[in-house]
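Visitor: Sequence:
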Amino acid sequence: MTSAAPTPAGGTGTDPLAQLSAEGVSVWLDDLSRELLESGELQRLVDEKSVVGVTSNPTIFASALSKGDAYEEQTTELARRGADVEEAIFEITTEDVRRACDLFAPVYERSGHHDGRVSLEVEPGLAHDTEKTVAAARQIWSAVERPNLMVKIPATVEGLPAITTALSEGISVNVTLIFSLDRYRAVMNAFLTGLEQAREAGRDLSQIASVASFFVSRVDTEIDGRLEAIGTDEALELRGQAGLANARLAYAAYEEVFSTPRWEVLEQAGARRQRPLWASTGVKNPDYPDTLYVTELVARGTVNTMPGSTLDKAHDHAQVHGDTLTGTAEASEAVMDHLERLGISYTEVVEQLEREGVKKFADSWTELQQTVSDELARVSAADDDAQAQQ
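Sequential numbering from 1 applies to the sequence shown in the numbering used here.
Heads up, simulated BS3-like pairs for lysine-lysine below, C-alpha to C-alpha not over 30 Å straight-line:
| # | residue 1 | residue 2 |
| --- | --- | --- |
| 1 | Lys313 | Lys360 |
| 2 | Lys284 | Lys360 |
| 3 | Lys284 | Lys359 |
| 4 | Lys67 | Lys359 |
| 5 | Lys313 | Lys67 |
| 6 | Lys359 | Lys132 |
| 7 | Lys360 | Lys67 |
| 8 | Lys313 | Lys284 |
| 9 | Lys284 | Lys67 |
| 10 | Lys360 | Lys132 |
The hints are simulated quantities; they were obtained by calculation from the structure and are not laboratory data.
Construct the entire structure; sequences and hints are all you get.
Guide: Structure below.
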């Protein structure tokens, strides 16, 4: 392969997260809220737990806005300005992401623009509309106006050309909701095509960054359920293996693609690799080690984004034993072949997971809309009552 990625910023010390960083894995937090920003908690995670980036999604924002009063001042101002729900959501989320980008700016600089990244997703209802996804990506990129932003675009069939277009225009992209190996290869092709178009347009390729978010635990949840339905000893012994095997085969595909002459031409022009990012890393099954998707997905030049609970567990007791990805393709292929022999269709599983993933984020967006709508209505009603009493 070509040159390895630098060690992420913050990888010093002896705790497990620092060890993970020293192995070349960038530790990102899969959470963002106004409370995390204003309480100093996010800065503490940077200072004490090797966190060098943040990812967000509609579910995270829906949860954040439904708790506490951290957004009350801004929603009050928006309501009094007459903002509608979509405008309010856009201003609230971009404000959080802009502030997070500023918080991570020192990490961004000292890592040579490798880390310090903050991701914000386009509206999930646009997942099957290429042109509207591109327009939304442009709007987010322009509004946040920070070089360490990444715009999240789902890896649907319609999302692929949107990814290419965004990258060609110099917009850094976090490709999300990747479940299948074929789709991951299509994502890497979309990335390379976008950079080739950016180069033709005379853009500085070193300023364009991308990660490919490959989801892990949801694969185990779905396939484990199917194995338990089969119920034989042979089937039950395969539980908890599919998610890692799928991710490890994705890493093998990454190694292959980023060793090709096509990539080398772009790298010589200053391009940065699209790093694999392990997402959905919270362990759902209590029978499995609670840091399974952290310690078993270690290789230089990758990213692991963890919900806060997983980050805490990894910091407390994860056992990092070096690279657990390189050279695992053959054994991982054997796992997937075994599943097929048992009658579990890989294609059926990953297509179902993509549909469910898009729907889950769309449902969270609807919840977010309702929360913001209720808050805007509450402020307007309170103002009307105040005026009536004057």
